[in-house]
Amino acid sequence: MARTLGAHLDEVFRATMARHAKAGDPADYTTLKFNARKGTAAWTKVELAAWMDYQQQVRTLRVVDPACGSGVFLVAAFEFLRSEYDRINKKLAELRGAAGQGDVTDIDSEILSTNLYGVDVNEESVEITKLSLWVKTARRGKILDSLDHTIRIGDSLIEDMNHAYLKHGFDWQTAFPEVFASGGFDVVIGNPPYVRMELIKEIKPYLQGRFEVVADRADLYAYFFERGVRLLKPGGRLGYISSSTFFKTGSGEPLRRYLLRDATLETITDFGDLQVFGGVTTYPAILTLRKAPPPPDHALAFVKLTALPKVDFDAVFDADARPFPQAKLGPGSWELENPAVRALREKIVAGKRTLKEVYGSPLYGIKTGLNEAFVVDRATRDRLILDDPKSADLLKPFLEGKDLKRWRAEPRDLWLIYIPKNTIEIDDYPAIRVHLSPFRDLLKSRATKQEWYELQQAQAAYVPQLEAPKIIYGEFAGENIFSIDRSGSYLNNKCYFIPRADLALLALLNSRVYRFFIEGQSVAMRGNFPQQHSQHVDLFSIPIDFDAAAEDLTGQTRICLAAAAARLDRQTA
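Okay, so the sequence shown: first residue is 1 according to our numbering, each after it adds one.
Treat the hints as calculated values from the structure; they're not laboratory data. Treat the numbers as computed from the prediction; the structure is a model and nothing was measured. Glycine included, every Cβ here is placed at the ideal spot set by N, Cα and C. One or more of the hints may lead you astray.
[As the list claims (entries may be wrong)] Label-pair restraints from in silico Cβ distances:
| # | residue 1 | residue 2 | range |
| --- | --- | --- | --- |
| 1 | SER109 | GLY183 | 20 to 26 Å |
| 2 | ARG342 | PRO499 | 32 to 38 Å |
| 3 | ALA319 | ASN35 | 36 to 42 Å |
| 4 | GLU479 | SER182 | 51 to 57 Å |
[To be verified] Computed list of lysine-lysine pairs in DSS-like fashion (alpha-carbon distance at most 30 Å, straight line):
| # | residue 1 | residue 2 |
| --- | --- | --- |
| 5 | LYS367 | LYS201 |
| 6 | LYS396 | LYS449 |
| 7 | LYS304 | LYS352 |
| 8 | LYS494 | LYS352 |
| 9 | LYS142 | LYS91 |
| 10 | LYS421 | LYS494 |
| 11 | LYS328 | LYS356 |
| 12 | LYS356 | LYS367 |
| 13 | LYS91 | LYS22 |
| 14 | LYS356 | LYS494 |
| 15 | LYS367 | LYS405 |
| 16 | LYS367 | LYS402 |
Make a model of the complete structure from these sequences and hints.
This is how it looks when you write it as structure tokens:
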């Protein structure tokens, strides 16, 4: 709260004092000089006018949580504002003298009726928010303030009730005309809902033409960032605790572009895989921004936490945060690191060709939609072929992520019933049909449309590359685990492959240089397991003198492959 509402109040205070003072630094109140001799009634009159002006500025300040839930953030904002009103009143009373008063206005009612706004699509959440605020302000004999205007039910993203969740369409300008008459909200706060893109497919067409941050795999929180920035008046501030995954994912690129264009990023606190929300790993980060283009030399304050603070969070941030030039951030992956590490990373990639440029993008494995049906062991494979020899045409050697080891895979003798779309009639393969039939209802309920006996995503276009020698690796990397596969094995959707059996490239991918690269480039899942999606591995830099080093690397790789083969022989002996 201190870095959004607090920062905004501080900015308003300084600007107000600067208007009334003839000299001095508004950042240090003791240096201000008003247009009169200090200690005189004239000085007090000018100083009093300055504080009354600031009081009025605070009274017109408006804070909103567009997904207010149980009201936690609005309650925190209430407490922050209550403290600021108390500070103002104390100063006004001091300036007016012993007989003076700060303000006779009911401060609690002032805050609830003027300063705080909240919207949530869930009716129950709205009532809980109201109750949370009433609990903070209830006093014997005091009538509870009506919050029906400021705390509202509505879909913060969608105006049209025909598309909105539970038909709660919400038009912000119609609901809060007094706010937008003055340009928008001063501060937006909250914890946007984390809803995966698979669950918002129905509203995606509506969002498509109305938001700039749209991406095929963008989750709901991305749209709340854009909505939040739009709700702000120029110079207003936003602070969200949300997922950090958009810092590095391909689907986060439109959001990264949007924020860099329209906002000055002020602070980022990255919690990594720390469990901030009740034992759930969500990879959260706190991002605060100001709605204004950044100055060319602007540096945001960044901290990566390795443990949850046991004392005052703001004190930990102030002690550990480091400056990071916003100009160093682009639409690509945000690599927020200390300057020395960043400089080393830039040196490694400077002037180098990427893996994508040299070898092409890694390709993605097969998604069955129901592994229990399509993946079988050796005994089942042999039985299917015994019952119907034609079954052999559909059975392919198969590797899953857990089969991959460094340098070479250690297969568990699994087989895939490989049936792409529109390639067979299932009745022509009676043994396969009998095997799949018990799964028929589950297979029909899969997300995509295909015949019940067909694979969900067969990657038929990749079959020649799958059956050729290739480098294979898993979706996540606790360590470098790249292997050569010469068995023609098909892969599941937790695996990627580079359709080249280049031993020098294999050595490079199993090196510490690659590990350093991927840890900075991609999102690390819990336990420091970086994602290795194509969009990340694509950007790995190949050294300019790679060809000269290839012979030596190949020789070293052959030694490692021989050691891996011996290891497998010992395990299977």
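Quiz item: When you check the alpha-carbon spacing of LYS494 and LYS352, does it fall within 30 Å?
Solution: Since the Cα atoms of LYS494 and LYS352 sit roughly 29 Å apart, the hinted pair holds (cutoff 30 Å).
Quiz item: Going straight from one Cα to the other, do LYS356 and LYS494 come out at no more than 30 Å?
Solution: 20 Å, holds
Quiz item: Does the Cβ distance between ALA319 and ASN35 fall inside 36 to 42 Å?
Solution: For ASN35 against ALA319, whose Cβ atoms are near 40 Å apart, the range 36 to 42 Å holds.
Quiz item: Do the alpha carbons of LYS367 and LYS201 lie within 30 Å of each other, as the hint requires?
Solution: Holds. LYS367 to LYS201 sits at ~20 Å (cutoff 30 Å).
Quiz item: Does the Cβ distance between ARG342 and PRO499 fall inside 32 to 38 Å?
Solution: 33 Å, holds
Self-check item: Pair hint LYS304 and LYS352, alpha-carbon separation not exceeding 30 Å
Solution: 29 Å, holds
Quiz item: Within a Cα-Cα threshold of 30 Å, do LYS367 and LYS402 meet the stated pairing?
Solution: 16 Å, holds
Quiz prompt | Consistency of beta-carbon spacing, GLY183 to SER109, with hint 20 to 26 Å | solution = At 25 Å between Cβs, range holds.
Practice problem: Could you grab the alpha-carbon distance between LYS328 and LYS356 and see if it respects the 30 Å cut-off? | Solution: Holds - the C-alpha atoms of LYS356 and LYS328 are around 23 Å apart, at most 30 Å.
Quiz item: Keeping to a limit of 30 Å between CA atoms, is the pair of LYS396 and LYS449 held or broken?
Solution: Since the Cα atoms of LYS396 and LYS449 sit roughly 23 Å apart, the hinted pair holds (cutoff 30 Å).
Exercise. Compare the distance between the alpha carbons of LYS367 and LYS405 with 30 Å, and conclude whether the hinted pair is satisfied.
Key: 21 Å, holds
Quiz item: Do the Cβ positions of GLU479 and SER182 conform to the proposed distance bound of 51 to 57 Å?
Solution: 55 Å, holds
Checked against the numbered hints above, the structure breaks none of them.
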